[in-house]
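Asks: Can you make the complete structure from the sequences, with help from the hints?
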Amino acid sequence: MKRFYPPRTLLAWLVAIGSLGMLVILPILFKGSYWQTLAFITFLFVSLSISWNITGGYAGQVSFGHSTFLGLGAFATAIITLRTGLPAPFTIPIAGFLAMVYGFLWGYPTLRLRGPYFSIATIGVGEATRLFMTNLDDSLRNIPRLKELVKYRPLTGGASGLTLPIPPDIQSYALKFYYVALLFMLGVLAVSWWIRRSRFGLALFAINMDPDAAETLGVSTARYNVLALMVSAFLVGVVGSLYAQYFFFIDPREMFSFQNSIAMVLMPIIGGIGTLWGPVLGAVVFKVVEDRLLTTHLEWGPLSINFVQFNLLLYGLLLVLIILFEPGGVLGLLRRMKGSRLLKRAFTPARQKG
Amino acid sequence: MRNVALSIAALLVGVVSPMAYAADAPPPSHIVIGTALPLTGAQSREGGFFKKAYELALKEVNAGGGIMVKEFGKKIPVTFIIYDDKSDPTTSVQMYEKLASADKVHFFLGGYATPLIQANTVVAEKYQIPYVNGGGAGGDIYARGMKYIFGLIADISRCSATLMKWMALHQDAGKLPKPLKIAVVGENTSHGVEFRKGVEDGSNAAPARFRVVLNEGFELNIKDADALLQKVKASGADVFLADARVSDYTTIQRRYTELGLYHLVISYGPRGPEKAARDALGRASDYIVAANWWNKDMKDKPSQAFTKKYKQAYNEDPEWFAALGYESTRVLFTAITDAGTLNRAKVRDTLAKIKLSPELVVGGVVQFGPNGQIQNDYVVTQNLPDGKSIIVYPPNLATAKAVVPVPKTK
Amino acid sequence: MAAKDFVSLVISAILTAGLYAIMSYGLALIYGVMKIINLAHAGVIMLSAYMTFWLVTAYHLNPFLAPLIVMPTFFLVGLAMQQIFIRPIAGAPPISSLLLLFGVWLIMQNVAYLIFSGDTRSIFTEYTLLTIKVADIPLSLNRLIVFAVGIVVLVALQLFLSRTYPGRAIRALAADSEAASLVGINTGRISMLAFGLGISLAALAGSLMSLIYTFDPDFGRSHLLKSFCIVVLGGLESIIGVALGSLVLALVEAFSVIWLRAALQDFVSFALLVLVLLVMPNGLIGLIRRQTR
Chain A
3 MKRFYPPRTL LAWLVAIGSL GMLVILPILF KGSYWQTLAF ITFLFVSLSI
53 SWNITGGYAG QVSFGHSTFL GLGAFATAII TLRTGLPAPF TIPIAGFLAM
103 VYGFLWGYPT LRLRGPYFSI ATIGVGEATR LFMTNLDDSL RNIPRLKELV
153 KYRPLTGGAS GLTLPIPPDI QSYALKFYYV ALLFMLGVLA VSWWIRRSRF
203 GLALFAINMD PDAAETLGVS TARYNVLALM VSAFLVGVVG SLYAQYFFFI
253 DPREMFSFQN SIAMVLMPII GGIGTLWGPV LGAVVFKVVE DRLLTTHLEW
303 GPLSINFVQF NLLLYGLLLV LIILFEPGGV LGLLRRMKGS RLLKRAFTPA
353 RQKG
Chain B
76 MRNVALSIAA LLVGVVSPMA YAADAPPPSH IVIGTALPLT GAQSREGGFF
126 KKAYELALKE VNAGGGIMVK EFGKKIPVTF IIYDDKSDPT TSVQMYEKLA
176 SADKVHFFLG GYATPLIQAN TVVAEKYQIP YVNGGGAGGD IYARGMKYIF
226 GLIADISRCS ATLMKWMALH QDAGKLPKPL KIAVVGENTS HGVEFRKGVE
276 DGSNAAPARF RVVLNEGFEL NIKDADALLQ KVKASGADVF LADARVSDYT
326 TIQRRYTELG LYHLVISYGP RGPEKAARDA LGRASDYIVA ANWWNKDMKD
376 KPSQAFTKKY KQAYNEDPEW FAALGYESTR VLFTAITDAG TLNRAKVRDT
426 LAKIKLSPEL VVGGVVQFGP NGQIQNDYVV TQNLPDGKSI IVYPPNLATA
476 KAVVPVPKTK
Chain C
219 MAAKDFVSLV ISAILTAGLY AIMSYGLALI YGVMKIINLA HAGVIMLSAY
269 MTFWLVTAYH LNPFLAPLIV MPTFFLVGLA MQQIFIRPIA GAPPISSLLL
319 LFGVWLIMQN VAYLIFSGDT RSIFTEYTLL TIKVADIPLS LNRLIVFAVG
369 IVVLVALQLF LSRTYPGRAI RALAADSEAA SLVGINTGRI SMLAFGLGIS
419 LAALAGSLMS LIYTFDPDFG RSHLLKSFCI VVLGGLESII GVALGSLVLA
469 LVEAFSVIWL RAALQDFVSF ALLVLVLLVM PNGLIGLIRR QTR
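Which chain is which? The protein sequence lines are A, B and C, in order.
So for the first sequence, the numbering used here puts the first residue at 3; every next one is plus one.
So for the second sequence, the numbering used here puts the first residue at 76; every next one is plus one.
So for the third sequence, the numbering used here puts the first residue at 219; every next one is plus one.
By construction, these hints were calculated from the structure, which means they are not laboratory data.
Take these hints with a grain of salt, some might be off.
Here are the simulated lysine to any residue pairs, SDA-like style, with alpha carbons at most 20 Å apart [to be verified]:
1) B:298 with C:370
2) B:272 with A:142
3) B:298 with C:443
4) B:253 with B:222
Pair by pair, the computed Cβ-Cβ distance ranges are [claimed, not checked]:
5) A:335 with B:386: 51 to 57 Å
6) A:95 with B:412: 48 to 54 Å
7) A:319 with B:203: 40 to 46 Å
8) B:391 with C:456: 49 to 55 Å
9) A:319 with C:397: 33 to 39 Å
10) C:253 with A:173: 38 to 44 Å
11) A:27 with B:386: 54 to 60 Å
12) C:350 with B:380: 37 to 43 Å
13) B:431 with C:232: 58 to 64 Å
14) B:203 with A:107: 38 to 44 Å
A virtual CB, placed ideally from N, CA and C, is assigned to each residue, including glycine.
Replies: As C-alpha cells, this is what we get:
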C-alpha cells in the first residue's frame, strides 16, 4: 500500500516552531489568565518527568524517592532566602547543588541494589526523609547546642511549613517566572537529548540492558548510576526551588510526599519510559487531564458525579494497561499505530523487555 | 521529528483549551464567590458540612433577591463556584488560582483545614481578593502580615488556654490539685503544634497552677499508640491533653482504655462529641472534655436559629464546621452590603472594621483582630455516658455541671 | 523504667509482632515463590478491612468469624489476579511486576475512595475494649486473639508447606522453578495457588487489623513498608523467618521510643528497611543472582 508522506521534516519543524512561538507570545496577549498558571505548572511537571526519566528510564533504576530532591530544593531556597535575605533566584543553583549532594548520599549505597530492591529502598528513603524533615524543628529544640537554630524562627517550619515573602508586583513577577520555567523546561529537554547522544548516555543504556555485560566491558555500573541520579537530582531540586518561588508556601509533608514521588514515576511511564519525548507527553497528559477532571462535575438529579477521584484511578489503569500491553507507553502506542520503521529505530525505549 | 511536533502540539492544545473559560466568565449581573473545599479525600466529611452551610446561606440570600449593593442601587443575586480540592494543598492552590484568573470571582470563601488554608490564602493575597473563612484555625495563617485574609475561627492556642482556664476554675473549687501536672501530645501539624504551645504558654504564665511534664508530637495516622502512651504513663501526669484528628483520637483513646490508663481530666482539644468518634469509642469516650468553636446545644438565639434551619434543610445535626461556614458567608454578605460596593479593597476595609452582634459565635460578637483572626472564646463540652454531652463552659452557656475529676471506675 | 512497665512493653511488642507476622506471611509467600514484590498487598489489606466492616455493620456478623468469609473470597480474587496480571508478564524483568502491582494498588485505592469516600472508618464491637488481666497487666483481647491466630497460621502454614503435596510443590518452585517443572510439577497451577494463598493471607491480616485500627482507603501503606522490612530481615526462605523478623522489628520499635520521639517511630522501620537491604547482602545475593538474567 503506497502512502504519501508530506515533507515530514519541514512540516514538523514548522509546527514545532509555531507551537513554541505561541507558548512564548500567548502570556503577553492574555495577561494574568489561569492558562498561564496551568502552563507554568505543566512546565515544571514536564521538567520533573524528564529528569526522573534520566534515572528511571535511561539508567533503568525506578526510584520512588525523587520527592526528596523536590523538597530539598524547595526548602533550600526558602530557608536561605528567609534567613539570609539573599534574593530567591540566586538560591536556585544552591538548591540544585544540595539536592545533587543528597542524591549522592543516599544513591551511592542504594544503587548497589538491583532492580526492585532499589525501588523499595527508595520508598524507605523517601518516607524517612519526609518524617525527618517534618520533625526536624521539634527535634532540634530538644538538643541544647542546636537549640539556637530554631529559637527565633523555624528551620523547616516543621508541620507549619514556611512562607516566602510575596513581591509587590505579582503579575509581572508571575510572567517572568513563566518564561523562566519555559526556558528551564527546554534546558532540561536539551540535557536529556544530549545525554542520549553522549557516551554517558550510551553507558547508561548499556547498564540498563545488561549490567553484568556492561561491567565486563569496563563500564562501572555504580559510577554511572550514581552520576545519573545526581544529574536527575540537581534538575528536580531546581524545580523545587522554582515551585517555592512561585507559590510562596511550602510544607514538608506536602513537598516530601509519596504522592509527588508517585507522580514522577507515573508520568514518564505513561508517556513512554526511556524515550526523549515520552516523559513530555506523559506530563502533559497527566496535568491537563487532571485539570479537566478537577473541574468537571455532572449533576443528574439525585446523582452527583464528581470526576475528581477518577484522576489517580485513571493513572492506575493506564499503568496496568501499559505494562501489560504496551511498555513503551503512549509514545510506543503511537509508534505502533504509525508503523513507521524509521521512527521505530529512532525512538526505541532504552529499556528492553526481558 | 513528528513526535516532537506532536508533543509540542499536545502541550499547546492541552493548555490553550482552558482559555475557553475566559469566554465563559459569568455576567456581571451576579456576585460570584468562589471556594475550594475538600469534598473528597481525607477531610471530605468536614468539607461536606461547609458545602451544605454555604449552600444554605446562598439559598437564603437569593430568596431575598440577593445582596443590596448601593453602588448599583439594586439587589444582585449571588452565585457560588465550589471546586473540590481533594483535601490536597497543591490542588487547593490551583483551584483558587483558577477561581481568581479564569472564573474571575469577586470574593473568596475559605475552605478547610489549616494546611490547605495556609497554602491557598497566598493566592488570595496575591490577587488581593478578600477571603473569609471558618475553617483555618492555625495562628500561623494570620501571622504573615496578610491584609485580605479573615478568619471566623479563633486560633488553636486559645483552645488550650480555654481548657486551662476551665481547669483553673476547678482548682479553685478544690476539685483538682495545685499544681497540676499536664502531659500534652499533639499531631504533627501546625494545629497540633499550636495546641501544645498554648499549653506550654499557659503553664509558664501560671507555674503555681500548672506544670507540663510531657510535651510531644506524633505523626498523623498513628498506628501504634503504645509508645506514646507509655511515655504519658511514665511522666506521672495528672491530666492528659491531646490534639488529634478523629482517626488518631480513636486509635489513641482505644489504646488508652485498653491499657487502663487514668487521668483526672482527659481532653483531645476540639474533638470529643462527634458522632463518628462516639460510635467508634463507645464508653471509652465518656467524660472526655472538648473545647470547640461552637456546639449545637448552645442556647443563644442565633445558634438555636441556625441549628433549626440546618436540621430542617438537611435532616442532620450541624457540627461547628457548618456553623462557622454559614457565619462566614453571612459576614461576607454583610460586609458587601455595608461597603455598598463590589470594590475589593473597600470590602476588605469594611471587613477589617466590622463588628456584628448578636452572632452565633461564642461570645456573640464577630470582630476581627488586627491580624484578621477573630479572638473569641471556646465552648467546652463534656461527654457523658450513653452518648450524651453537656456544655460546661463558659458559665453563661453551660447546661450542666462538669464531672471532675473523671470517675475512677468507668 | 519500672519492672512492670518493662514487662508490659515487652508483652505489647510480642503481641504486635504477631500482628506484623500475619501481615507479612502473604507478602513473603508470593515473593518467595514467584519473586514478585506484591505492592497490591496493601490494597488487599485495605479492601478486606472494608469487607469486614461491611459484614459486621450490615449483617452483624461476629467480627472474629469474618475471616472465614473474607479469606476464601480473596483467595479467588488472588487466583484471578494471577491469571489477569501476573501470567501475561511472566518473562518480564521483576520491575515490571512491581510497577504493575503498584498500578493495581492505585486502582484498588481509588475505587475504594469512590465507593466509600475518604472518611475514616472503624469497627466497634463489644469486644473492642475488652481486656484480660494477666499478672496485673491488662492485655487487649483483640490483640491476644490476633496473636493466637498468628501462631495458628504459622503452624498451619509450616505443616502445609512441609507435609502436603501442594505445599512442597510451592517450596520446590521457590527453590528452582526450572527443576520443579522438570520433575513434573505443574508450575502454572502451583504459581496460581501460591498467589491465591498469599492474597488470602493478606486478606486475613486486613480483616483482623480492621478490628484494631481505624482505616481509610490509604490503609496498608505504612504496614506494607514494615512488611518489606520483615520479609527482608528474616522471611525470604521460611515462614518462621517471617515470625522472627516480625519479633525483631516489633522489639526494636518498642525500645527505640525510649530514646526517640514517638513521632519518629515509623522512621525506625524505614531506616531499618534501608539498612537491612544494604547491610544484609548474604541473604539477598543468592536471590539477586537468581533475579538477574
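Asks: Could you run down the list of hints and mark each one as holding or not?
Replies: Evaluation of the provided hints:
1. B:298 with C:370: 24 Å, violated
2. B:272 with A:142: 16 Å, holds
3. B:298 with C:443: 13 Å, holds
4. B:253 with B:222: 43 Å, violated
5. A:335 with B:386: 51 to 57 Å: 54 Å, holds
6. A:95 with B:412: 48 to 54 Å: 52 Å, holds
7. A:319 with B:203: 40 to 46 Å: Because 42 Å falls inside the window, the suggested range holds.
8. B:391 with C:456: 49 to 55 Å: Given range 49 to 55 Å: holds, Cβ gap about 53 Å.
9. A:319 with C:397: 33 to 39 Å: Holds, since residue 319 of chain A and residue 397 of chain C (Cβ atoms, about 38 Å apart) stay within the stated range.
10. C:253 with A:173: 38 to 44 Å: 56 Å, violated
11. A:27 with B:386: 54 to 60 Å: 56 Å, holds
12. C:350 with B:380: 37 to 43 Å: 51 Å, violated
13. B:431 with C:232: 58 to 64 Å: 59 Å, holds
14. B:203 with A:107: 38 to 44 Å: 43 Å, holds
When held up to the earlier numbered hints, the structure conflicts with 1, 4, 10 and 12 and fits the remainder.
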